[in-house]
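Peer 1: Please work from the sequences and hints to get the whole structure.
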Amino acid sequence: MNIRRLASLAAATAIMVTACGSDKKTDSTAAATATTTAATTAATTAATTAATATDASAGSTPDSAEIPTGDGPGKGATKVGFIFVGPKDDYGYNQAAYDGSQAVAAAHPDLEVVTAENVPEDDNATRVMEKMISDGATIIFATSYGHLDPALKVAEAHPDVVVVQQGNFIQGDILPNVGTYFGTVYEPVFLAGIAAGKATTSNKLGYVYAFPIPQTIANINAFELGAKSVNPKAETYVVNTSSWCDPAKQAEAASSLFAQGVDVITQHQDCTATITKAAEEAGKMVVGYHADASALAPKGWITGSEWAWGDLYNEIVDTAIAGGFTGSKFNANYRVGYKDGGNPFVQSKYGPSVTDETKALIADQLKLISTTGSPFTGPILAQDGSTLFAAGETPAYADVESKNTKFVEGVVGEIPAG
Amino acid sequence: MSLLSEVLTGGIRGGTSINYAALGESVSERSGVVNLGTEGSMLCGALAAYAIASETGHPWLGVGAAAAAGGLLALVHAYFVLSRNANQLATGLVVLFLGLGLTSLFGVDYVQALAPTFKPYAVPVLSKIPFLGGVAFKQDPLVYLSYILVPLSWWMIFRSRAGVLLRAAGERSEVLATHGHRVKPIQYLSVVIGGMFAGVGGAHLSIAYTKSWFENMTQGRGFVAVAVVMFAARQPFKVAAGAYLFGAALALSPALQSRGYGINQFALDAIPYVVTILVLVVLGRRRAAETPEGLSKVFEASTVG
Numbered sequence: 001m002n003i004r005r006l007a008s009l010a011a012a013t014a015i016m017v018t019a020c021g022s023d024k025k026t027d028s029t030a031a032a033t034a035t036t037t038a039a040t041t042a043a044t045t046a047a048t049t050a051a052t053a054t055d056a057s058a059g060s061t062p063d064s065a066e067i068p069t070g071d072g073p074g075k076g077a078t079k080v081g082f083i084f085v086g087p088k089d090d091y092g093y094n095q096a097a098y099d100g101s102q103a104v105a106a107a108h109p110d111l112e113v114v115t116a117e118n119v120p121e122d123d124n125a126t127r128v129m130e131k132m133i134s135d136g137a138t139i140i141f142a143t144s145y146g147h148l149d150p151a152l153k154v155a156e157a158h159p160d161v162v163v164v165q166q167g168n169f170i171q172g173d174i175l176p177n178v179g180t181y182f183g184t185v186y187e188p189v190f191l192a193g194i195a196a197g198k199a200t201t202s203n204k205l206g207y208v209y210a211f212p213i214p215q216t217i218a219n220i221n222a223f224e225l226g227a228k229s230v231n232p233k234a235e236t237y238v239v240n241t242s243s244w245c246d247p248a249k250q251a252e253a254a255s256s257l258f259a260q261g262v263d264v265i266t267q268h269q270d271c272t273a274t275i276t277k278a279a280e281e282a283g284k285m286v287v288g289y290h291a292d293a294s295a296l297a298p299k300g301w302i303t304g305s306e307w308a309w310g311d312l313y314n315e316i317v318d319t320a321i322a323g324g325f326t327g328s329k330f331n332a333n334y335r336v337g338y339k340d341g342g343n344p345f346v347q348s349k350y351g352p353s354v355t356d357e358t359k360a361l362i363a364d365q366l367k368l369i370s371t372t373g374s375p376f377t378g379p380i381l382a383q384d385g386s387t388l389f390a391a392g393e394t395p396a397y398a399d400v401e402s403k404n405t406k407f408v409e410g411v412v413g414e415i416p417a418g
Numbered sequence: 419m420s421l422l423s424e425v426l427t428g429g430i431r432g433g434t435s436i437n438y439a440a441l442g443e444s445v446s447e448r449s450g451v452v453n454l455g456t457e458g459s460m461l462c463g464a465l466a467a468y469a470i471a472s473e474t475g476h477p478w479l480g481v482g483a484a485a486a487a488g489g490l491l492a493l494v495h496a497y498f499v500l501s502r503n504a505n506q507l508a509t510g511l512v513v514l515f516l517g518l519g520l521t522s523l524f525g526v527d528y529v530q531a532l533a534p535t536f537k538p539y540a541v542p543v544l545s546k547i548p549f550l551g552g553v554a555f556k557q558d559p560l561v562y563l564s565y566i567l568v569p570l571s572w573w574m575i576f577r578s579r580a581g582v583l584l585r586a587a588g589e590r591s592e593v594l595a596t597h598g599h600r601v602k603p604i605q606y607l608s609v610v611i612g613g614m615f616a617g618v619g620g621a622h623l624s625i626a627y628t629k630s631w632f633e634n635m636t637q638g639r640g641f642v643a644v645a646v647v648m649f650a651a652r653q654p655f656k657v658a659a660g661a662y663l664f665g666a667a668l669a670l671s672p673a674l675q676s677r678g679y680g681i682n683q684f685a686l687d688a689i690p691y692v693v694t695i696l697v698l699v700v701l702g703r704r705r706a707a708e709t710p711e712g713l714s715k716v717f718e719a720s721t722v723g
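Taken in order, these protein sequences are the chains called G and S.
Note that our numbering numbers the first sequence so that position 111 is 111, with each residue one more than the last.
Note that our numbering numbers the second sequence so that position 23 is 441, with each residue one more than the last.
Hints listed in this document are in silico derivations from the structure and should not be mistaken for laboratory results.
As the structure is a computational prediction, the values presented were derived from the model and not from experiment.
Even glycine gets a Cβ: it sits at the ideal position worked out from N, Cα and C.
Don't take every hint at face value.
Here are the simulated DSS-like cross-link-like pairs (lysine-lysine), alpha carbons at most 27 Å apart as the crow flies [what the hints assert, rightly or not]: (1) K403/G <-> K329/G; (2) K299/G <-> K556/S; (3) K329/G <-> K79/G; (4) K329/G <-> K233/G; (5) K537/S <-> K299/G; (6) K233/G <-> K153/G.
Rough simulated footprint, nothing fancy, chain S against chain G, three-plus residues with beta-carbon under 8 Å [unchecked claim]: (7) 73-84; (8) 238-250; (9) 253-263; (10) 267-279.
Peer 2: What follows is the structure, given as structure tokens:
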């Protein structure tokens, strides 16, 4: 009787321990590597200044030398936490964020970097962030669109902790210790659209997406506009899957688009492997997103867009450590693009089938949108004929997402109602 | 490709994993054990297939590993239900979460891995049949295997001696015991077989359909399989029809969208579940006499008060 009870108690405890442990299964590995590096620097301000100096030379951001200082939240931080909504090797969004976090660790040897993957976009995120803060983290990166509300909750409760969120917009007042940041994702997507427009023979492009959020609509529009600029007959067929990563739905969406005659496909999904592999197997071409998945599609890969978060993450961390976060450019809805020189969303490498002519066209457009142009320079008409962007209008970065409310002409498919 | 043929082809392709799991669950339920952990077995099978296929380079070895993994998880369920008299429904859910947790933990390394997969293969003569050939006979080998398994299951349950023992174990196990047969081993075997089939269903999902592994990739298909089994009264042909119907409804959403129809996204997502329940409830009206008695006892015992 006693032995049986003891055994079941032990089993239950074991299960609970593994269940609680699995939330932060990367925590132990990240902490292990971080503590070994932290141990080697019982150091010195010499080491930290050396680190920030190498940061400045390694980064492409022009004003990293002028980091604001002060007494703000996050000053002198010794620990920084990152939470991701998915796994760190999804060939996509979360992998890129994870790589960025490791770049922070590499650039700051005396800073402990802790990460947590598979953190859902609900109160679980609050719990995980609170745990990181109680463990000593004073800078928190919440890297998913739906992590905003938990992040704001945590920021309100801890005014001495810098909480930055990736991808969403804070409406209304912004607390002194929060900010959002993102790159102008639609810019490299526009360039990729040019490559797709040139590569297609059926004039049908495919776009698989999750939800019609402003970011996604801007992406789809930019892709179609890029393709149309070199191929006026190009059309983009859109299919949504109601999920950021559901491999079965992705596979079905891809095969459905190919059945319609689409020969270049791209996606706005967190995990990109399924659609990339499906395109390669069907002999179609693919444009990547979030990460460089060209290894999965050696013949069909054209180009893509991928994240290079390292420099931006490092800049935010340096600003916070110096105490200058409050009132800095990061204490806002910060968006950086080609015009600022530091877009963390960069174009992926070209595949074997891209011609030099196409590459030259793209280089020209890149120059244009890095200075006075924009993928959304008017006149641009929506599907129903109404004007989205007036003639001669070049929207500022902050307005692009809010103005992309409808699909442009050439996109086949409606924005789902409701 | 016309809308109808696209939906039907996608229906068979997407419904095969549910079909496998549902066939297995029919066997299990015929012996009087409900296994709500079918989804867990499917996940274990999906991961095992992808992992073993990527390690060894042979997809069929992956299928074998999937059957083993699914069966092992079902063995856990069978042990607690049959030898420890635990509540079947609760144990099934626990097994589900166990499967989900284990596969999420051990699957981390395989998200990026590449694995050899099953390619569609056009059956020589049959694929030339107008319409039906293109829909049913240009699929991958696991789909063809399931075509054989459906009539085989039917024959096994209703025309073989083993089937009589199986059904008797679920109907009135005392009669079976009186005749000198041991009931527990039959029930154990049927639950494990159910798990093995579910594992192969998961394998189809990962190495034939999506050609990738991702945590929780079954997204509720195991539960759909259990529901289909109940509404189709545990008869293999009706079960297969229900599974393909669900698959077709799942394929409807992208098929409509890629033709430019933008109906409410969430309504389209709900259609598979609504349609399947409606059709099976109408066509498979449950008569009390059709439910194995052993199964009725499970559900009676679960009501409160």
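Peer 1: Indicate, hint by hint, whether the structure satisfies it.
Peer 2: Evaluation of the provided hints:
1. A distance of roughly 23 Å separates the Cα atoms of K403/G and K329/G; the hinted pair therefore holds under the 27 Å criterion.
2. For the given pair, K299/G sits about 24 Å from K556/S by alpha-carbon distance, which is consistent with the 27 Å threshold.
3. Taking the CA atoms of K329/G and K79/G, the gap is about 22 Å. The hint holds against a cut of 27 Å.
4. A hinted pair counts as satisfied when its Cα atoms are at most 27 Å apart, and K329/G with K233/G does not qualify at roughly 42 Å.
5. Distance hint between K537/S and K299/G is fulfilled; the C-alpha atoms sit about 18 Å from each other, no more than 27 Å.
6. For a cut-off of 27 Å, the pair hint linking K233/G to K153/G is broken: about 48 Å separates their Cα positions.
7. Note: the region 73-84 of chain G has 0 residues with beta-carbon separation from chain S under 8 Å; the three-residue rule is not met and the coverage is violated.
8. Residues of the region 238-250 of chain G lying with their CB closer than 8 Å to a CB of chain S number 12, which satisfies the three-residue condition for coverage.
9. Figure legend: the region 253-263 of chain G, annotated as covered by chain S; annotation consistent (7 residues with Cβ-Cβ distances under 8 Å, at least 3 required).
10. For the region 267-279 of chain G, the proposed coverage by chain S is satisfied: 5 residues have a C-beta within less than 8 Å of a C-beta in that chain, meeting the threshold of three.
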